[in-house]
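So the protein lines, in turn, are chains U and P. Numbering (numbering that gives the first Met the number 0) for the first sequence: 0 to 346. Numbering (numbering that gives the first Met the number 0) for the second sequence: 0 to 330.
These aren't lab readings, by the way, just hints derived from the structure by calculation. You may find that some hints are simply not true.
Unchecked claim - Derived BS3-like pairs: lysine-lysine, alpha-carbon spacing no greater than 30 Å straight-line:
1. U:285 - P:204
2. U:285 - P:200
3. P:173 - U:285
So you can see what is in the structure, the chains are spelled out below.
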Amino acid sequence: MAATPATAPERSPADETTPLVEIRNLVKEFPVTAGAVLQRKIGTIKAVTDVSFSIAKGETFGLVGESGCGKTTIGRLLVGLEKPTSGEILFEGRDIARMTGSARRRQRRDLQLVFQDPYASLDPRMRVGSIIKEPLDVQKIGSSDERSARVRQLLGEVGLSPKAVDFYPHEFSGGQRQRIGLARALSLNPKLIVADEPVSALDVSIRSQILNLMNSLQATHGLTYLVISHDLSVVKYLSDRIGVMYLGKLVEIGPSHAIYEKPAHPYTLGLINAIPEPDPARERAKAAAPIRGELPSALNPPSGCRFRTRCPRAQDLCAEQVPLLRPFGPAHWAACHFPLQTPTATA
Amino acid sequence: MAPLLEISGLRTYIRQRQNEVRAVDGVSLSIEEGETLGLVGESGCGKTMTGMSIIRLLPPGGYIAEGSIKLAGKELVTLPEKEMRHVRGNDVAVIFQDPMTSLNPTMQIGAQIAEGVRIHRHASRDEAMKRAEEALGLVGMPRPKERLHDYPHQLSGGLRQRVMIAMALACEPKILIADEPTTALDVTIQLQILELLYDLKQRLKMAVLLITHDMGVIAGRADRVMVMYAGKIVESADTVELFERTRHPYTEALLASIPRMDQREDTALYSIPGLPPDLSHPPTWCRFQPRCRYATAICHEEEPPLGGDLPDHEYACFNPVSGNVRREGAA
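Here chain U stands alone, though its shape is the one from the complex (with noise of 0.2 Å):
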């Protein structure tokens, strides 16, 4: 466990039910090893230090922020693709971090990845209709005729032709790619998708496309969403709540009008400035970058509070004390010792 101190918020009184997702305390740990023979070991990265939220289901959660803060790390190790170094990932009350064997196999159904770049995620070498039809074959579901009419219906849903299943993933453009990962990721009638960075690599014009399928197949399908991405304003759009990370930790979680129109931290002012807005008179106006420098190395994250070094409101307490979640509202939680907002005494 890391030294700090637990900072998970209590479990809000709205949500009664069972989460779908619960992560709890979340660490993981790169090593960093010099030499090629004997790998030494000559540090850590932290990519992701005691983190902890929840997923409701039919939620869409957002996890923003920028390269190297832990999102991606989070959504992997969300599907398995990395075994946590402590804390739990519970999905349906069961923690899937130490499920092996069978279960596990079982358990991947429920969970599938949609991968940032359409170009490089689909084999180019496998036609479409292989490439949906791929997980029902590793899970052994229906037959081949099943199989093969299963494919067929997911390319509808995904507003393509059928006949794209004889075809290559070269013969389409991004968007169509983005629709076919999104067919894959949806043919084991999954109840999370985790969206890493569904849409940076399309263009404006086919985003919008990608962002609406998302939500209408999230309507017809009762699906969860965690969607990662750098971009606020995608975030904001898909999501229902917001959790912003930095260097690792989750510096602020909440509902996604509340984090824009009240944001707490002033990291997330910043990212929120620094998106360039379609409006000449808002972007002149606009005051000089909030954010300086850049992302502090996490090999050595700074002491205290990590957004120091780059804040504007940084002051001697920041370096001293790891500031810890305090709530600003309902669901509303931000760890800063100089907010922007003041705290409420319950969330």
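Using the hints, position chain P against chain U.
Only chain P this time, still in chain U's reference frame:
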């Protein structure tokens, strides 16, 4: 006074095995000294090809089929390659999109910046290194003297893009072509780099051709905007004018399809149906017609000319839209 850069009727084609792609199909534009012109459009619309035509760095099979590119009165299209090499990096500099791949990984950054100065300015090794240090300081690199001997892999993405900009500025170009200068960077770093470019432009009175797909980047930094679609300019105006009084349905659709921070989550985004046309066989009518929600019979018969009844605001459309997309969208 004649504009610094004047492109007229530029057609840049790319020969492929079986066909020829008309990447740039009749583009005219001009940039004044100290002006920032934004060229905006989606991938494949020809915006990068337009920029690369200026310095004649075209992909294999690419050639300028027609048109003229005049830099301070000098015709670049027919300029012999030997003289063209003096234009590149000296009069016209380029910042590429990806700072991870556009620097030489085996050369120290100081030497990379100095190389251009030595070639174009015939400076000595020491003079060139001194200039490199100045240039690094100019772009806000912390401790520039120590950094001269760093290799690109030792720098973060934001710092590498600063090195790219320093390299571009070392010879004090008349015009800077910034091709998606911040697309590969994080939002907080993007803002820093855009501010830097704007500040440098003001101080050095440089002209900038800012090529991007991001309407937000254009809104804050460009004096004028040209919207490109399928190899053609479809709308051109002063930045504020373009956003306030959008005329072309494509520009309108682009603006309506961006999720905005102040937008309610339950409103569906407008999405442009279909895909851009195949530029090896472009239609002889309006190229946006199959995807346009306002298309009428004439749009399938004739190609709309770039024009219109407004001063300093041109658009190529038979059924122009009127008004501010933002306010309509917010209502």
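Structure-based check of all given hints:
The straight-line distance between the Cα atoms of residue 285 (chain U) and residue 204 (chain P) is roughly 22 Å, inside the 30 Å bound, and the hint therefore holds. The straight-line distance between the Cα atoms of residue 285 (chain U) and residue 200 (chain P) is roughly 18 Å, inside the 30 Å bound, and the hint therefore holds. Distance check on the hinted pair: residue 173 (chain P) and residue 285 (chain U) sit about 28 Å apart at the alpha-carbon level, within 30 Å; holds.
The structure fails none of the hints (numbered hints given earlier).
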